[in-house]
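Quick note, the sequences are listed as chains A and B, same order. Quick note: the first sequence uses the numbering used here, first residue 1, plus one each step. Quick note: the second sequence uses the numbering used here, first residue 359, plus one each step.
The hints are simulated quantities; they were obtained by calculation from the structure and are not laboratory data. Glycine included, each C-beta is placed from N, C-alpha and C at the ideal position. Take these hints with a grain of salt, some might be off.
Claimed, not checked - Here chain A is said to cover these stretches of chain B; the calculated rule only asks that three of the stretch's residues, wherever they fall, bring their Cβ under 8 Å from a Cβ of chain A:
no., stretch
1, 455-468
2, 589-602
3, 635-646
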Amino acid sequence: METTLRRIWPAIPVLLALVSTTLLIIAFGADPIQTYGAFIEGAFGSADSTLNTFAFWIPLLLCCTGLLVTFTAGLWNIGVEGQLVMGSIGASWVAIAIAGPNPNIPAWIIIALEISAAMGAGALWAALCAVLKTRGGIHEIFVGVALNKLAEIFTNYLISNPWHPPHVGSSNFTKTERFADTALLPLMGTSQFSPLSLILVVVALVVIALALRGSSWGLRLKAMGKNLKAAFILGVPSEREAITGMMVAGALAGLGGAVRVLSWYDSLRQSIGGGIGFLAVLIVLLAGTQPILTAFIALAFSTLLTGGTTVQLRTQLHSALSGVIQGALVLFVLLFGDYNRVFRRKAEPPALVDTSHE
Amino acid sequence: MNDSAIVLMLASIVAQSAPLMLAVTGETITERVGVINLSLDGTMLLTAMAGFVAALQTRKFLEPMGIEGNTLPVLVGFLVSALIGGLAALLVAWGSARLKQDQVAIGFVLTLLLADLANFLGQTFTRVPGPSVKHLSIPVLSDLPLLGPVLFDHDLMIYAIYLLVGFSWWWLYHTQPGLQLRGVGERPESAFGRGVPVSRLRYLYTGLGGAMVGAGGAAYSLNIALGWSDNHIAGIGWIALAIVIFGGWHPLRGMIGVFLYGATKAAATGLQQVFPEIPVVLFNTFQWLLMLGVLLLVGSQGIRRLVEAAPPAIRRPLTAALRIAPPRSLGRVIGDD
Chain A
1 METTLRRIWP AIPVLLALVS TTLLIIAFGA DPIQTYGAFI EGAFGSADST
51 LNTFAFWIPL LLCCTGLLVT FTAGLWNIGV EGQLVMGSIG ASWVAIAIAG
101 PNPNIPAWII IALEISAAMG AGALWAALCA VLKTRGGIHE IFVGVALNKL
151 AEIFTNYLIS NPWHPPHVGS SNFTKTERFA DTALLPLMGT SQFSPLSLIL
201 VVVALVVIAL ALRGSSWGLR LKAMGKNLKA AFILGVPSER EAITGMMVAG
251 ALAGLGGAVR VLSWYDSLRQ SIGGGIGFLA VLIVLLAGTQ PILTAFIALA
301 FSTLLTGGTT VQLRTQLHSA LSGVIQGALV LFVLLFGDYN RVFRRKAEPP
351 ALVDTSHE
Chain B
359 MNDSAIVLML ASIVAQSAPL MLAVTGETIT ERVGVINLSL DGTMLLTAMA
409 GFVAALQTRK FLEPMGIEGN TLPVLVGFLV SALIGGLAAL LVAWGSARLK
459 QDQVAIGFVL TLLLADLANF LGQTFTRVPG PSVKHLSIPV LSDLPLLGPV
509 LFDHDLMIYA IYLLVGFSWW WLYHTQPGLQ LRGVGERPES AFGRGVPVSR
559 LRYLYTGLGG AMVGAGGAAY SLNIALGWSD NHIAGIGWIA LAIVIFGGWH
609 PLRGMIGVFL YGATKAAATG LQQVFPEIPV VLFNTFQWLL MLGVLLLVGS
659 QGIRRLVEAA PPAIRRPLTA ALRIAPPRSL GRVIGDD
């Protein structure tokens, strides 16, 4: 009996979360089946909406991939949202300053420049966060929150002043002008999905997953995450690793930002991050640094978000419902996911193997 | 700027301080007993919505019975918000003590979940007029020059908050239970050894602190920016958490932090008029730069060096006054069994 319960236990918190959100939907007078159906319809109802769900998934998964690195090292990289925004700004800068006035430069050079600028901007923003933590003694959560807000304000400054489109009233700023065609990623049909970005995210996820599993870099990060002091005493250069780890995460989030402005949108605009960074933190908390599970949860969460607008249309429920479902899922799994802790059982001790003579 | 403008500015700093003051004092107590409730930003958004809606619905309920006025509805609003804030904080404490999960992780998830929940649950109450806190000038005192308008000509709630902050300080530093509270936060094992009910006190003070944070949310929607709209007060919770650190986990220094924050915010608004050529959006950066700067001052070795450079005679009192170390057991998972 107990072993059966133990085996099916991981599903229980997920069910609990779904039951509570279903009750919430019923309490607001909507039909839960119609509501959940609308999520699916909105996300996968047509070829374009399916492609768009994947287009939303790609930058999200890039952020998650970066977070796999920082979570392994035991760092709370809340600043991933700001790193994504700075990536958007870096790519936009290339699009506006280089591609705009020079329509003769081939697209592949422009796109390569945009991607490098985005990754560089994201990495630098993350490095600032890491240094403020290691040298400034501020917890990275606070640095992250502040740098997120600063990146957002910087975007608003850019689109309201230097990059403000001409012929538009100065009080009306929501976005820059559409970028030049050579600056945008090639899209599939009428969707916002860019095949190139899919290749990039798959490469990034595979490389990071392998590096974390099999390289000595991954091992050093793991040691830091398990016990920072012990890792330091055993000779892990923890400050340098923290900074490089954060920079890798920042570069990947910055790449996500480039994908966001160059394919999901065609310009830099207000709230360009759209909460993707925060969502990525939730996903990695839920997946517990397992790369493949991370990719699937990110897809499920993308479905909830891209389907959210259809839900609002069909049922008049507020689009924050997507966030409520996501938050409830993570909270319930976080609290009740561990069978041993819920039922106060001792965890099975790991098998001891004496390797001291080898 | 003439005298009356300065008086008006100071008075508005005091008038606007209520939500932060409640949140900072509440979180100070919670962290002093060893629990870090990171969910402030979400909790305050949810309680701002809940307090406003509770007050509005209470007034609608009472009006047909011939009971007019806002006093009772506003009280109900504050009570509901305090209850929700307390429950959110208790969830963090319980998840840590009973389920052995990371307080920071639970708090972060709650920050996002409660914010979305606030927007979702409050969807039918956006931009509706509702009740607000009563204004009360204190006779005689409010006629004092300068001090009168700055300190004694406010909404009723402001006075209550000052009493609460003062009481918290007295309780923490001048009573036996306050000593136990601090003991639990610093060295729970020793406190336990001396017969202090560590687990019970942790829950008690975490819940009380959370209730004050919740009341802070209600103070926002019933007193500062009246009513409810999506993401009504996003950001204030993080500022409160930073002020707790700046205040060195001390209620009175937290209060000073809240005033300093209000003063710099007012100064930024003033500077905006002095330098009209600087784009307005850039003035929004100040509070976040201030937050980073202040935490940098506290977190880096700057203050310690300052103390070491001081003459030996005042080094001791200076160290005590500039206490920057967090409670030793802050955020640690402690069993309740």
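Identify every previously stated hint that the structure contradicts and give their numbers, smallest first.
none
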